[in-house]
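As they're listed, the protein sequences go chains D and H.
Residue numbering for the first sequence follows this note's numbering, beginning at 1 and increasing consecutively.
Residue numbering for the second sequence follows this note's numbering, beginning at 1 and increasing consecutively.
Just so you know, not all the hints are guaranteed correct.
Remember, identical chains collapse to one label, so a pair may be satisfied in a single copy or spanning two.
[Said to hold, decoys possible] Result set (DSBU-like, lysine-lysine): computed pairs, CA atoms no more than 30 Å apart in a straight line: (1) 346 <-> 115; (2) 399 <-> 218; (3) 41 <-> 228; (4) 416 <-> 145; (5) 148 <-> 218; (6) 89 <-> 453; (7) 135 <-> 416; (8) 416 <-> 231; (9) 346 <-> 108; (10) 413 <-> 145; (11) 369 <-> 135; (12) 218 <-> 35; (13) 135 <-> 228; (14) 399 <-> 119; (15) 25 <-> 413; (16) 399 <-> 413; (17) 231 <-> 108.
Since the hints were made in silico from the structure, they are not lab data.
Protein chains: 2
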Amino acid sequence: MTNELDAFFEPESIAVIGASRSEEKLGYSILENLKVTFPGKIYPINPNAVEISGLTAFPSVLEVEEPIDLAVIVIPADLVKSAVEDCIKKKIKAAVIISSGFSEIGNKEAEEELKKISKGKIKLIGPNCVGIYKKDLDMLFFPRKRLKRPIEGSIAFVTQSGAFGTALLDMIANEGVGISKFISIGNKVDVDEIELLNYLENDLETRCIAMYLESTEKGLELIKTAKKIVKKKPIVIYKAGKTEKGSEAVASHTGKLTKEPEVYSAAFKQAGIIEANSTEEIFDYAKSLANQPILDSTNIGIITDGGGFGVIAADEITKAGLEIPEYSKDTLRALRSVLPSYGIAKNPVDLTGDANAERYEKALNAVFKDRVIDGVVVIALLQVPTLEEHITDIIRDCKVHGKPFTVCTIGGKWVKERVRTLERFGVPVYPTPERAARALVVLKEYADILKRK
Amino acid sequence: MTNELDAFFEPESIAVIGASRSEEKLGYSILENLKVTFPGKIYPINPNAVEISGLTAFPSVLEVEEPIDLAVIVIPADLVKSAVEDCIKKKIKAAVIISSGFSEIGNKEAEEELKKISKGKIKLIGPNCVGIYKKDLDMLFFPRKRLKRPIEGSIAFVTQSGAFGTALLDMIANEGVGISKFISIGNKVDVDEIELLNYLENDLETRCIAMYLESTEKGLELIKTAKKIVKKKPIVIYKAGKTEKGSEAVASHTGKLTKEPEVYSAAFKQAGIIEANSTEEIFDYAKSLANQPILDSTNIGIITDGGGFGVIAADEITKAGLEIPEYSKDTLRALRSVLPSYGIAKNPVDLTGDANAERYEKALNAVFKDRVIDGVVVIALLQVPTLEEHITDIIRDCKVHGKPFTVCTIGGKWVKERVRTLERFGVPVYPTPERAARALVVLKEYADILKRK
Numbered sequence: 001m002t003n004e005l006d007a008f009f010e011p012e013s014i015a016v017i018g019a020s021r022s023e024e025k026l027g028y029s030i031l032e033n034l035k036v037t038f039p040g041k042i043y044p045i046n047p048n049a050v051e052i053s054g055l056t057a058f059p060s061v062l063e064v065e066e067p068i069d070l071a072v073i074v075i076p077a078d079l080v081k082s083a084v085e086d087c088i089k090k091k092i093k094a095a096v097i098i099s100s101g102f103s104e105i106g107n108k109e110a111e112e113e114l115k116k117i118s119k120g121k122i123k124l125i126g127p128n129c130v131g132i133y134k135k136d137l138d139m140l141f142f143p144r145k146r147l148k149r150p151i152e153g154s155i156a157f158v159t160q161s162g163a164f165g166t167a168l169l170d171m172i173a174n175e176g177v178g179i180s181k182f183i184s185i186g187n188k189v190d191v192d193e194i195e196l197l198n199y200l201e202n203d204l205e206t207r208c209i210a211m212y213l214e215s216t217e218k219g220l221e222l223i224k225t226a227k228k229i230v231k232k233k234p235i236v237i238y239k240a241g242k243t244e245k246g247s248e249a250v251a252s253h254t255g256k257l258t259k260e261p262e263v264y265s266a267a268f269k270q271a272g273i274i275e276a277n278s279t280e281e282i283f284d285y286a287k288s289l290a291n292q293p294i295l296d297s298t299n300i301g302i303i304t305d306g307g308g309f310g311v312i313a314a315d316e317i318t319k320a321g322l323e324i325p326e327y328s329k330d331t332l333r334a335l336r337s338v339l340p341s342y343g344i345a346k347n348p349v350d351l352t353g354d355a356n357a358e359r360y361e362k363a364l365n366a367v368f369k370d371r372v373i374d375g376v377v378v379i380a381l382l383q384v385p386t387l388e389e390h391i392t393d394i395i396r397d398c399k400v401h402g403k404p405f406t407v408c409t410i411g412g413k414w415v416k417e418r419v420r421t422l423e424r425f426g427v428p429v430y431p432t433p434e435r436a437a438r439a440l441v442v443l444k445e446y447a448d449i450l451k452r453k
Numbered sequence: 001m002t003n004e005l006d007a008f009f010e011p012e013s014i015a016v017i018g019a020s021r022s023e024e025k026l027g028y029s030i031l032e033n034l035k036v037t038f039p040g041k042i043y044p045i046n047p048n049a050v051e052i053s054g055l056t057a058f059p060s061v062l063e064v065e066e067p068i069d070l071a072v073i074v075i076p077a078d079l080v081k082s083a084v085e086d087c088i089k090k091k092i093k094a095a096v097i098i099s100s101g102f103s104e105i106g107n108k109e110a111e112e113e114l115k116k117i118s119k120g121k122i123k124l125i126g127p128n129c130v131g132i133y134k135k136d137l138d139m140l141f142f143p144r145k146r147l148k149r150p151i152e153g154s155i156a157f158v159t160q161s162g163a164f165g166t167a168l169l170d171m172i173a174n175e176g177v178g179i180s181k182f183i184s185i186g187n188k189v190d191v192d193e194i195e196l197l198n199y200l201e202n203d204l205e206t207r208c209i210a211m212y213l214e215s216t217e218k219g220l221e222l223i224k225t226a227k228k229i230v231k232k233k234p235i236v237i238y239k240a241g242k243t244e245k246g247s248e249a250v251a252s253h254t255g256k257l258t259k260e261p262e263v264y265s266a267a268f269k270q271a272g273i274i275e276a277n278s279t280e281e282i283f284d285y286a287k288s289l290a291n292q293p294i295l296d297s298t299n300i301g302i303i304t305d306g307g308g309f310g311v312i313a314a315d316e317i318t319k320a321g322l323e324i325p326e327y328s329k330d331t332l333r334a335l336r337s338v339l340p341s342y343g344i345a346k347n348p349v350d351l352t353g354d355a356n357a358e359r360y361e362k363a364l365n366a367v368f369k370d371r372v373i374d375g376v377v378v379i380a381l382l383q384v385p386t387l388e389e390h391i392t393d394i395i396r397d398c399k400v401h402g403k404p405f406t407v408c409t410i411g412g413k414w415v416k417e418r419v420r421t422l423e424r425f426g427v428p429v430y431p432t433p434e435r436a437a438r439a440l441v442v443l444k445e446y447a448d449i450l451k452r453k
């Protein structure tokens, strides 16, 4: 099945309108980043150059003889309309408008004009956005030295704020979390969150949709669309601009008012959208939802080598209304057989500060196989000297049990290297017990959403 | 003024009872870490060795001729009593008992015995703890390769869970945050949180006391002591074990029940203790309280180069009951003079995605000098290509204005390197706008505490 948005994500050729030879221009970075990622044809468009970065440049897309699928537009706002008209003449199917200077500064007329001339003729993303990133299509204007790109994964991330979105992209890249597609939608002159949700519903590379939203004019449609999609894949949304001042800030950021901010949470709940309540929760939740099975019941096992962590995780699990039942007799027996004399077999179980990988392996095996237990929070103070390095393999292999689990490990450089390894294998790892616990709780929330009629 | 706890923090000689030549033993790592940090005399105590790691070993502290100030005890639980008796005979003033196997596994008798024999004769920290860390006194049994040590700073960190505490130590070391002293108090057979609070009140190196607490038998005394100390320096406490299950987990971790968990928050408030509500908030708050002036009024300025960040920070500031007033006319004029045509002078101000260091410098200068503004949240998407590297110097130099501020910058490796530089200069940096905003709000909370009669 083809979709008119395919041209954005699977183009065979791209024109960069505003490609530049000056390193400080955005049109320079965009061209550079496309060159190292995009396998198709690239046409720099610039009336004052015949060649840019070793590629033949053209004064206009109309001068290019071959067909072009996608245009990236990065020129001053007052030139954008004419560039889009050229794209339409050239029969380009889609354009991403990076340029700002539209409704976000009150220039609504220019945006209305874009809407009028493009309707039915070309699909537009933006303006006032940073565009699209996927592994083989990097049009971000951020130098790769400063902003790391994430590996391929199964989370699609849609953001209304380009700056905020790319900063998060850098953050998760550093943690080893992968994404399928990143889309910055900016002022949404054409393509909006609804159209993207519908597209991503059928995107085979995407198992979870994460979204940062400041405002929507289509609240009811968002709810209706989400309701349908969440039956197939989970949606996590962080809605900013919920207070009056935040809402005002949205107005000057995107030129839109967030109407009745307080109703969002209730509407999200009704739609089956999982609401993130902070910046961190967006990917905390998206990565467990994308990589773990759902949590069908409420019984959680907690396993740690540092008692304090178990206490905090137990607090968080209990606050969320889930249970920490006693392990079954077999499990308790197995735990007793690996624990030292000063350890106690119970839930949460503290393997104590001299735990080694073998003790973890046997204890994890017992807890994961326990029929009473439906989901597990695994907490490992990896720094203890007795814990061998293959502990990360052992934790990774907990996937074979088919039960949902999240991992917490706190620390510095040495720990973070190990976190990246686990994340690359789709194991969601968190820097605090609270966050690991809540990311597991969300798998129960999604299970309940799936059960709705 | 000398204090009987000085022997723990300023010893001239240390005996390591249980020093070992086997790398997998805790007594090995402890000796190694003391060797590379402690400038005084070290005596390995081990009945089966004449030399360990190049140091002359002794079968007992009683065989050492020179005086010993401090003993670190890391031997099986059933041998601890006799070792402490030897320490008393040797007139050692203080001992840290790392060994576990006491009340945390129900062995209350052994702990009572320790209490009885030591009373008035030797000060004890522990058992079941990881001991003390400061720059020139590292008795942690974690290898330095796996667990980084923080730089010197002005936060004292007291933790009831050794594992949890050291994991946080590693985390903040990685971020560039400094500490004055780290003390793991374990089962608190003698020295407890109250005694340490009183000691740290007069510790010139400490400007803020952070604490992870699971249980206390001396609730009223804690409140009374804190009430007195907070007039001099702020106290941040994270109390775990607040739910029934968490409280049960505490019981098996430290052998103590947390009575009436729900009363803690109210009592903390009454005492003027700033309560951390998550693992992250402990140091989020401690580092702004230790390094920033108090916030005397409610008027906050927000400055960013990515609109989305401003929206989120505005939400958080407003939720906390503080204000985001309009900037004064002079400030608005100054902002307009540096903003591009598509920027809007207002609060929060978005310097837009092509901001450079000069634009930041002028805008920061105007906002910090604005008489209407009492505190500032500075948010910088450092990755934008136009922003020169000396932006970190410019942000650091905002200290000259004498107004409290916190910084948010989200990202990966490149950003984190810059965060470390800022933190080393005492600028508190946060990975999300929400956390930067709340860390500023806490400076108002502390100002209000200081105003109490």
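Checklist entry - Should residue 399 paired with residue 218 be assigned to within, between, both, or neither, using CA atoms and 30 Å as the limit? => result Answer is neither: 40 Å inside a copy and 45 Å across each miss the 30 Å cutoff.
Checklist entry - Can you tell me if residue 346 and residue 115 fall within 30 Å by alpha carbon in one copy, between copies, both or neither? => result between (63 Å within a copy, 29 Å between copies)
Next on the checklist: My question is about residue 135 and residue 228: at a cut-off of 30 Å on alpha-carbon distance, are they close within one copy, between copies, both, or neither?
Outcome noted: within (28 Å within a copy, 58 Å between copies)
Item to check | Alpha-carbon proximity context of residue 231 and residue 108, limit 30 Å | outcome: For residue 231 and residue 108, the Cα distance exceeds 30 Å both inside one copy (37 Å) and across copies (54 Å).
Checklist entry - Within a copy, between copies, both or neither: where do residue 416 and residue 231 come within 30 Å Cα-Cα? => result neither (34 Å within a copy, 39 Å between copies)
Checklist entry - Given identical chains, is residue 399 near residue 119, meaning Cα to Cα at most 30 Å, within a copy, between copies, both, or neither? => result neither (48 Å within a copy, 52 Å between copies)
Item to check | Intra/inter-copy verdict for residue 148 and residue 218 if alpha-carbon distance must be at most 30 Å | outcome: neither (34 Å within a copy, 50 Å between copies)
Item to check | Status of residue 135 relative to residue 369 across identical chains (alpha carbons, at most 30 Å) | outcome: neither (38 Å within a copy, 45 Å between copies)
Item to check | Same-copy or cross-copy closeness of residue 218 to residue 35 [CA-CA at most 30 Å] | outcome: So residue 218 and residue 35 fail the 30 Å test inside a copy (37 Å) and across (66 Å) alike.
Checklist entry - For the identical chains here, do residue 346 and residue 108 meet the 30 Å Cα criterion within one copy, between copies, both, or neither? => result Answer is between: at 19 Å across copies they meet the 30 Å cutoff, but 63 Å inside does not.
Checklist entry - From the Cα coordinates, with 30 Å as the cut-off, is the pair residue 41 and residue 228 best called within, between, both, or neither? => result neither (37 Å within a copy, 71 Å between copies)
Checklist entry - For the identical chains here, do residue 413 and residue 145 meet the 30 Å Cα criterion within one copy, between copies, both, or neither? => result Both, since 19 Å and 9 Å are each at most 30 Å.
This entry does not satisfy hints 2, 3, 5, 6, 8, 11, 12, 14, 17, going by the numbered hints stated previously.
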